Amino acid sequence: MTPATRILSSVAAILVIAGCTNYYEIPIETPIKPKLDVSAFQRVLVAGFLAGGTDDVDGNLETTRLLRSQLRTKSELRVIDTDVLPLMEVAAEAPGTPEVKAEPARPAPAADGAEGKEGKDEKAAAPKNEPKGEAPQAATPDKAAAIKDSKDLEPYEHIFADVEYWKKIGEEYQNPLIVTGTVMFTPHQRSGIVQREEEVYDSFGRRRVVPVRTYMERKGYILQPKFIFIDGRTGTVMHSENFREEVLYNANQSTPALSSYFELMDRLIPSFLSTLSSQKIKGTRVLLQ
Amino acid sequence: MRIRVLTVLLLLGATAAPLAADARSDAKKQVEFGITVAQRGLWREAIYRWERAAQIDPKYAEAYNDLAIAYEHEGDLEKARVAYEKALEIEPNNALIKQNYELFKEINDRTTRKDTQDDPGNQNP
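Protein chains in written order, with this note's numbering: chain A, 1 to 289; chain B, 1 to 125.
Because the hints were derived from the structure by calculation, they are not lab data.
Since the structure is predicted, the reported quantities are computational estimates derived from the model, not experimental observations.
Cβ coordinates follow ideal geometry from the N, Cα and C atoms, glycine included.
Among these hints, one or two may not hold up.
[Said to hold, decoys possible] When the alpha-carbon atoms are kept at most 30 Å apart in a straight line, the in silico DSBU-like pairs for lysine-lysine are as follows:
{"#": "1", "chain 1": "A", "residue 1": "K280", "chain 2": "B", "residue 2": "K79"}
{"#": "2", "chain 1": "A", "residue 1": "K282", "chain 2": "B", "residue 2": "K86"}
{"#": "3", "chain 1": "A", "residue 1": "K74", "chain 2": "B", "residue 2": "K105"}
{"#": "4", "chain 1": "A", "residue 1": "K219", "chain 2": "A", "residue 2": "K148"}
[Claimed, not checked] Simulated restraints on C-beta separations:
{"#": "5", "chain 1": "B", "residue 1": "R44", "chain 2": "A", "residue 2": "K74", "range": "25 to 31 Å"}
{"#": "6", "chain 1": "B", "residue 1": "I107", "chain 2": "A", "residue 2": "E76", "range": "17 to 23 Å"}
{"#": "7", "chain 1": "B", "residue 1": "G41", "chain 2": "A", "residue 2": "P155", "range": "53 to 59 Å"}
{"#": "8", "chain 1": "B", "residue 1": "Q39", "chain 2": "A", "residue 2": "P155", "range": "41 to 47 Å"}
{"#": "9", "chain 1": "A", "residue 1": "A40", "chain 2": "B", "residue 2": "A21", "range": "55 to 61 Å"}
The whole structure should be built from the sequences, with the hints applied where relevant.
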């Protein structure tokens, strides 16, 4: 049975049943409980991320900024507005991490910039107890450029298991829920046969759209974030989630990296939010009599 | 003796059909009322009515379908799953129930993926 026949037969079956049964379409809203019980927290600190991939986008800064802004409007938690932690540098200085080429570290601006003025924001000073005596700084693009894939990030990921470090951060910000993790945003290209629709005109000038299979060079980006949720009271990891999204464009098309980054983040923000806050999914069902 | 047994069986058969019809009719009234109140947003009352309908006539697939929808609306996804499956067990070819169930499954699958920590299978495709 071809897909078209299958669809036709199921539509026919629905019509037959609908003919014999009284039915009523009804809108419903299904509440989805958050994946994580965050009732013990009143505040959330999106601390910063280990980031790598393209140097066109500062994955640490942009991800922190975006998540803070989303949480501010779509969760009950108060968002702590502070400087972004230079996690890469903190991790690099910890024992057991391969040496990272020293770069002059620049202080990162508060991730929320001008938009962080809403009522739910909590302005906070940078943590005074930065481990190893460092002031908060963002990973420089030069450092991020050295991280080309997820494997390059692995040597730094021990920072997430550093209970003492996170506990100190937690104490500094009055025991919030801490959101951190890794973000890989890498350029990507793929070539091969793709199907696209093409307009054709017959001898009578009538327009038709036909599927055409052509060889195409495409390029785009892959976004691989891992969100880690840490209990600021204990410094331990409560939950973590991995995601992978990719987008490809025609090779002739010039799409800015930042715009692709936001396009891909848009796809996974609902999943991220559903970890912390309950969501309602709207839909329609059919009541039968 | 045989005639007597046959007569009893025939009588039982003759009375069973109207009894079942009565049960269906009573259950249908509950279902109808449930639909009316659900349309006004009184989902808890609707659940009570549809549960009654399913008790009165345990073979009434439509009652289980409606009950499943109400449970879904209340966020009780496990009960919704059980009710949909019961409805489909009774009427496996009912396309409207199947359609509701497919839509429910999309949501249910999304929430059941949640508990995996650091699980590569947790990655979005």
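Legend entry - Restraint check for K280(A) with K79(B), where alpha carbons must lie at most 30 Å apart: holds (18 Å)
Inset, instruction - Determine whether the Cβ-Cβ distance between Q39(B) and P155(A) falls within the hinted range of 41 to 47 Å. - result: With a Cβ separation near 60 Å, Q39(B) and P155(A) fall outside 41 to 47 Å, so the hint is violated.
Inset, instruction - Take a quick look at whether K282(A) and K86(B) sit within 30 Å of each other, Cα to Cα. - result: holds (24 Å)
Legend entry - A21(B) and A40(A) - C-beta distance against the hinted 55 to 61 Å: holds (56 Å)
Legend entry - Hinted pair K74(A) and K105(B), Cα distance within 30 Å: The hint holds at about 25 Å.
Legend entry - G41(B) paired with P155(A), Cβ distance criterion 53 to 59 Å: holds (56 Å)
Inset, instruction - Quickly compare the C-alpha distance for K219(A) and K148(A) to 30 Å and report which way the hint goes. - result: holds (17 Å)
Inset, instruction - Take a look at whether the Cβ-Cβ distance between I107(B) and E76(A) falls inside 17 to 23 Å. - result: Holds, since I107(B) and E76(A) (Cβ atoms, about 22 Å apart) stay within the stated range.
Inset, instruction - Check the following: the C-beta atoms of R44(B) and K74(A) are separated by a distance inside 25 to 31 Å. - result: holds (28 Å)
In summary, the structure is inconsistent with hint 8 from the numbered list given earlier, while agreeing with all the others.
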